[in-house]
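Chemist: Read off the chains here:
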Amino acid sequence: MAYSEKARNFYQGELRDIKEGGLFKEERFIQSPQSAEIKVEYPSGAQPMDVINMCANNYLGLSSHPEVIKASHQGLDDRGFGMSSVRFICGTQDIHRTLEDKLTKFLETEDTILFASCMDANAGVFEAVFNDQDVLIADRLVHASIVDGMRLCKALNESYKHSNMEHLEKKLQTYQDARFRCIVTDGVFSMDGDTAKLDEICDLAEKYDALVFVDDSHATGFLGKRGKGTHELKGVLGRIDIITTTLGKALGGASGGCVSGRKEIVEMCRQRARPYLFSNAMPPVVVAASNKVMDLIMGSTERRDKLENNTKFWRKSLLEAGFDIKDGDTPIVPIMLYNAKLSQDMSRDLYQEGIYAIGFFFPVVPKGQARIRTQISAGHDINHLERALEAFIKVGKKYNILGKTKDEIIEMYGL
Amino acid sequence: MEDIENTILEYVIDEYLEDEDDEIGPNSPLISSGIVDSFSMVSLKTFLERKYNISIPDDKATPEAFDTVNRIADVVRSFIS
Ligand SMILES: Cc1ncc(COP(=O)(O)O)c(C=O)c1O
Chain A
62 MAYSEKARNF YQGELRDIKE GGLFKEERFI QSPQSAEIKV EYPSGAQPMD VINMCANNYL
122 GLSSHPEVIK ASHQGLDDRG FGMSSVRFIC GTQDIHRTLE DKLTKFLETE DTILFASCMD
182 ANAGVFEAVF NDQDVLIADR LVHASIVDGM RLCKALNESY KHSNMEHLEK KLQTYQDARF
242 RCIVTDGVFS MDGDTAKLDE ICDLAEKYDA LVFVDDSHAT GFLGKRGKGT HELKGVLGRI
302 DIITTTLGKA LGGASGGCVS GRKEIVEMCR QRARPYLFSN AMPPVVVAAS NKVMDLIMGS
362 TERRDKLENN TKFWRKSLLE AGFDIKDGDT PIVPIMLYNA KLSQDMSRDL YQEGIYAIGF
422 FFPVVPKGQA RIRTQISAGH DINHLERALE AFIKVGKKYN ILGKTKDEII EMYGL
Chain B
16 MEDIENTILE YVIDEYLEDE DDEIGPNSPL ISSGIVDSFS MVSLKTFLER KYNISIPDDK
76 ATPEAFDTVN RIADVVRSFI S
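Residue numbers (this note's numbering), protein chains in the order written: chain A, 62 to 476; chain B, 16 to 96.
Bear in mind the hints are in silico, worked out from the structure with no lab data behind them.
Predicted, not measured: the structure shown is a model, and the values here were computed from it.
Even glycine gets a Cβ: it sits at the ideal position worked out from N, Cα and C.
Take the hints with a grain of salt, since some may be wrong.
As the list claims (entries may be wrong) - Estimated spans, in silico, between C-beta atoms of each pair: (1) B:Asp89 to A:Gln108: 57 to 63 Å; (2) A:Ser65 to B:Asp29: 46 to 52 Å; (3) B:Asp18 to A:Lys67: 46 to 52 Å; (4) A:Lys67 to B:Phe94: 33 to 39 Å; (5) A:Lys166 to B:Asn42: 56 to 62 Å; (6) A:Lys458 to B:Phe94: 55 to 61 Å; (7) B:Asp89 to A:Phe90: 50 to 56 Å; (8) A:Glu169 to B:Pro72: 41 to 47 Å; (9) A:Met473 to B:Phe94: 44 to 50 Å; (10) A:Met359 to B:Ser53: 38 to 44 Å.
Hey, can you work out the whole structure from these sequences and the hints?
Modeler: This is the structure:
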């Protein structure tokens, strides 16, 4: 055994530092299917509590939808449990290709390739498509999986200030001598709930001859009138060269991701993307259920419409109650508290009131920008949101932050 | 303050500060304070390499060596001469 005392002591020390820094993450055990109301055991060993879930990415409420569950049972019976192969050896069933075609049609792109997750899609796509003659120019708030993917690629990793179009333009000008430029952004930024200015980004891309990459994980299925995503909302369908997105959030929430876009780029991923070449195919159960999810969302906008109404209700109610929330029109609604401890204290009190909502602070968000992030779902009914609102107001009153400005909250609690 | 320091300070303010009112000087911590993270640091390195026509190997562009404008200027100088 070579796990020496030295190694053990070292890792114990690291873990202690993480704990002392207040950054130690603990899982909460949920004893029910994912849904608007869940049964949670927290802390571990405590009596389980029924709480309203305000922090799932279950935007369309499809994670435990009866038709989705039925389709996955059917998929299991018809196509078995696992593939025991990567896609290009013997891991591709007809239903994998069907799902790729449905995603292509829905996203209005040219072709699509599935990955085991969107993390894998982001990790693989850049290296498969770009090299050291190219420059990737990313918004500074892109998701961590994009940062990792960019680092795996030999192209120069550049960045621009969050949603700052002048800064992006300057960067595009600086790198006119590169072979290819690619602008890289999230469609919806998951911590702030704001949307990328894809219309302006596409115009700049045309002016300076750049490709456009968008990770639409927090938009696919519900943003835009038909729920296609941020590119529909911003009127740039057909103008995004590379879209990555996940099946792990609105689209049933099990797992899986994809790269969708220009057909040559998708084909390059099939030939070269390492997470596609060297990791197992998506399981038939998940593929079958995801095909059903695509049928549901392409057949009716009812769920995304309900989500939009819920989101409007929630944003308006929080503002009327006097909370300081980030502007936006997505179902990600951050309640700004600025102070890290305050965000933890309020989250704990909310839990006691039967509301499950998580506080985020540095380094997940910038220093001095702690918040409780709420996420709305089409699985919520108005009465869930009314009960949640009541609890938020009660806890907000306790900490005396209702109607207070940013400066007043910082004055009371510090940064 | 010398030219190199001035040039770098100007670039850092322009490139990284979000808020016009934030003030930083040649000895303000940049990386340990969170103003510049390791991801966005690349643009600083690239700027220096283009501006001074030098090549800074990655092992010299560490977060410690790049934490203040003064230290960055030292790194640059060591490659110019
Ligand atoms: C913007 C963004 N991209 C990618 C991912 C990763 O998706 P997946 O869970 O499919 O790996 C996430 C999930 O956290 C995300 O928020």
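Chemist: Could you run down the list of hints and mark each one as holding or not?
Modeler: Here is how each hint holds up against the structure:
Distance hint for Asp89 of chain B and Gln108 of chain A: a CB-CB separation of about 60 Å, consistent with the stated range 57 to 63 Å. A C-beta distance of roughly 49 Å is found between Ser65 of chain A and Asp29 of chain B, which places it inside the suggested range of 46 to 52 Å. The given range of 46 to 52 Å is respected by Asp18 of chain B and Lys67 of chain A, whose C-beta atoms sit roughly 48 Å from each other. Here the CB-CB span from Lys67 of chain A to Phe94 of chain B is close to 37 Å, well matched to the stated 33 to 39 Å.
The given range of 56 to 62 Å is respected by Lys166 of chain A and Asn42 of chain B, whose C-beta atoms sit roughly 57 Å from each other. Taking the beta carbon of each, Lys458 of chain A and Phe94 of chain B are about 59 Å apart, inside 55 to 61 Å as hinted. Between Asp89 of chain B and Phe90 of chain A, the C-beta spacing of about 52 Å keeps the proposed range 50 to 56 Å intact. Between Glu169 of chain A and Pro72 of chain B, the C-beta spacing of about 45 Å keeps the proposed range 41 to 47 Å intact.
Our hint of 44 to 50 Å for Met473 of chain A and Phe94 of chain B holds, since their Cβ atoms are close to 49 Å apart. Separation of Met359 of chain A from Ser53 of chain B is about 41 Å and conforms to the stated range, judged on CB atoms against 38 to 44 Å.
Checked against the numbered hints given earlier, the structure satisfies every one of them.
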